[in-house]
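Chain X is already provided as a structure; the job is to place chain A on it using the hints.
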Amino acid sequence: MSRFQFPESIASRPVYGTLEPRPGKAHLMIADAEGAEALLDLAVRDPALVRAAHIIYIPKGTGESYVPRLEMCGPAQFHVAPSYEASVPRLRRVLTDAHMGLQLYLAGTEGLMGQAMSEAIEHGLPQRSIQREHRGSVARRMQCVHCKGITEDVTTDPFVCAHCGLHLFVRDHYSRRLAAFQGVRVDAEDPGNVPDPVELYQ
Amino acid sequence: MSAAPQKAKAGGGTIDVVVRAIVPLNDLVTRFEFERPDGAPFPPFSPGAHTIVEMNDDGRPRKNPYSLMSDPSDTSHYAISVRRDDEGRGGSRFLHTAVSVGDRLSVSYPVNLFPLDLRARKHVFLAGGIGITPFLSMIAQLERQGGRWELHYACRSESLASYADDLTGRHANKVHVYYSDRKEALPLEDLLDGQPLGTHVYVCGPKGMIDWVKTTAADHGWPGDAVHAEEFLAPQPGDPFDVHLARSGIDVHVEPHESLLEAIERAGVDAPFLCRGGACGQCETDVIEADGELIHADHWLEDDQKASGKKIMPCVSRFAGKKLVLDR
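Sequence order for the protein chains is X and A. Quick note on numbering: UniProt numbering labels position 124 of the first sequence as 124, and the sequence is numbered without any gaps. Quick note on numbering: UniProt numbering labels position 188 of the second sequence as 188, and the sequence is numbered without any gaps.
Treat the hints as calculated values from the structure; they're not laboratory data. Even glycine gets a Cβ: it sits at the ideal position worked out from N, Cα and C. Be a bit skeptical, because a hint or two may be false.
Said to hold, decoys possible - Computed list of lysine to any residue pairs in SDA-like fashion (alpha-carbon distance at most 20 Å, straight line): (1) A:K214 - X:A26; (2) X:K25 - A:P196; (3) A:K322 - A:A246; (4) A:K122 - X:E122; (5) X:K25 - A:V227; (6) X:K148 - X:V186; (7) X:K25 - A:T216; (8) A:K214 - A:P196; (9) X:K25 - A:W212; (10) X:K25 - X:L91; (11) A:K214 - X:R22; (12) X:K25 - A:D190; (13) A:K183 - A:S157.
Said to hold, decoys possible - Every beta carbon over 12 Å from chain A, so not counted as near; a handful from chain X, in silico: (14) S9; (15) Y16; (16) R51; (17) M72; (18) G74; (19) P82; (20) S83; (21) V160; (22) C164; (23) H167; (24) F169; (25) G192.
What the hints assert, rightly or not - Per the computed footprint, the stretches of chain A lying under chain X, defined by three or more beta-carbons under 8 Å from a beta-carbon of chain X, are: (26) 187-198; (27) 219-225.
Chain X with its partners taken away, still in its complex shape (with noise of 0.2 Å):
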């Protein structure tokens, strides 16, 4: 099973809900790994909602684990792109086209769900129009507090910095804007005193 449930947090911490088939005149699906079965949900629901949408799936570690059962879906667009940050000027192109009324449906982790929902919002997208289902990986995308470099798919806390090589608490305190999580140093008071990595969430 694709599902995780995240434990109550403080109000910063964004949290998710199941993608329902929404009345709109576009609608644009992006999902990364195991948040295609999200989308293949959706498409149990209301298979024309799927087939008018333009899906931009990014596998990830799932090879061609869902590619094929996406297609079979017949959405009207389809596209798959080796990584988030490849798929952006796709993301782009086709928000700087949207009117109002376009659905945005995100699934997956939410690395992808935060940044896709940001460059949304940037473009005026109404953050109603927009709805989220995690799915899979609960890796985080952090940012270092002290260096401002992000580093992608942290698992463990303390983290090591992957630009400034501080180690790094992961914080549930969240931006929207840079759609990540805050990294603190963890030794800051005691230089070198640093707890041993635990896995999230254990």
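Showing chain A alone in chain X's frame:
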């Protein structure tokens, strides 16, 4: 400042005004311009705000809400445009027939239940008839700020299209007028289609028009918070009834042509209100006992609240039955 909190006056206080001009626009609509007796500036207001005009109609107090339609940056005067409603309870007829230049009235401080959402990247205004008034002040502000807007204005006929000439003259590319006597209809679906992301729609007009815009926008996938509406309900006349005000310990008889709120005020009870049109929620009152039917006419209470029989909005709603006791 005293230590104890002061009870705010119901309706938020009033400003004494003198009628400085009365400008008939067509057979039904007249503009009234007010200034202060001492020439002092008015408080500034945000576009979309309304004021409640208090009138003394031969001993009978009347309080009617009207959208402020003057330029919000011009604090030398306030202006309202009033459509004469011969079927109504008489407030608009009183203004049209009994008020002259130089008369004194009092108006409430402005209250805004229909503000511009300044996060919007574009504003689309949909007006039906006299519903044009709040958009005049909104347009004045957006023109000053360089905001992006367009107006679609549905009227019965050219002769009744208040401000249409002025608006089309000044903003030929942004203002579109549709006359129903020429079989022209506001092309709502086409208008909603193709609006850029971040567009907000504002509708002011009859209830049917507001419902039509809300439903169509929802069907097109517009989120509810990008669709704004203002509809003032005039209190409808009805059968007379009696009410007991438990906290004040008095009985009041509500006449057919007065609202429950007006009857409560006539009895000397200072009841809260702001819009007097079923929209703002300020006059919400607890029902202690009701042996009969509450006739809800507001669009403030939720359906389950209306069904519960525990709440009433006395500005527009009435009662039919044996006994009504309110916590007032």
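Now the hints, each set against the structure:
{"no.": "1", "hint": "A:K214 - X:A26", "result": "holds, 19 Å"}
{"no.": "2", "hint": "X:K25 - A:P196", "result": "holds, 13 Å"}
{"no.": "3", "hint": "A:K322 - A:A246", "result": "holds, 16 Å"}
{"no.": "4", "hint": "A:K122 - X:E122", "result": "holds, 15 Å"}
{"no.": "5", "hint": "X:K25 - A:V227", "result": "holds, 16 Å"}
{"no.": "6", "hint": "X:K148 - X:V186", "result": "holds, 16 Å"}
{"no.": "7", "hint": "X:K25 - A:T216", "result": "holds, 12 Å"}
{"no.": "8", "hint": "A:K214 - A:P196", "result": "holds, 18 Å"}
{"no.": "9", "hint": "X:K25 - A:W212", "result": "holds, 18 Å"}
{"no.": "10", "hint": "X:K25 - X:L91", "result": "holds, 17 Å"}
{"no.": "11", "hint": "A:K214 - X:R22", "result": "holds, 16 Å"}
{"no.": "12", "hint": "X:K25 - A:D190", "result": "holds, 12 Å"}
{"no.": "13", "hint": "A:K183 - A:S157", "result": "holds, 10 Å"}
{"no.": "14", "hint": "S9", "result": "holds, 26 Å"}
{"no.": "15", "hint": "Y16", "result": "holds, 18 Å"}
{"no.": "16", "hint": "R51", "result": "holds, 17 Å"}
{"no.": "17", "hint": "M72", "result": "holds, 26 Å"}
{"no.": "18", "hint": "G74", "result": "holds, 21 Å"}
{"no.": "19", "hint": "P82", "result": "holds, 27 Å"}
{"no.": "20", "hint": "S83", "result": "holds, 25 Å"}
{"no.": "21", "hint": "V160", "result": "holds, 39 Å"}
{"no.": "22", "hint": "C164", "result": "holds, 36 Å"}
{"no.": "23", "hint": "H167", "result": "holds, 40 Å"}
{"no.": "24", "hint": "F169", "result": "holds, 34 Å"}
{"no.": "25", "hint": "G192", "result": "holds, 47 Å"}
{"no.": "26", "hint": "187-198", "result": "holds (count 7)"}
{"no.": "27", "hint": "219-225", "result": "holds (count 7)"}
Checked against the numbered hints listed earlier, the structure breaks none of them; every hint is satisfied.
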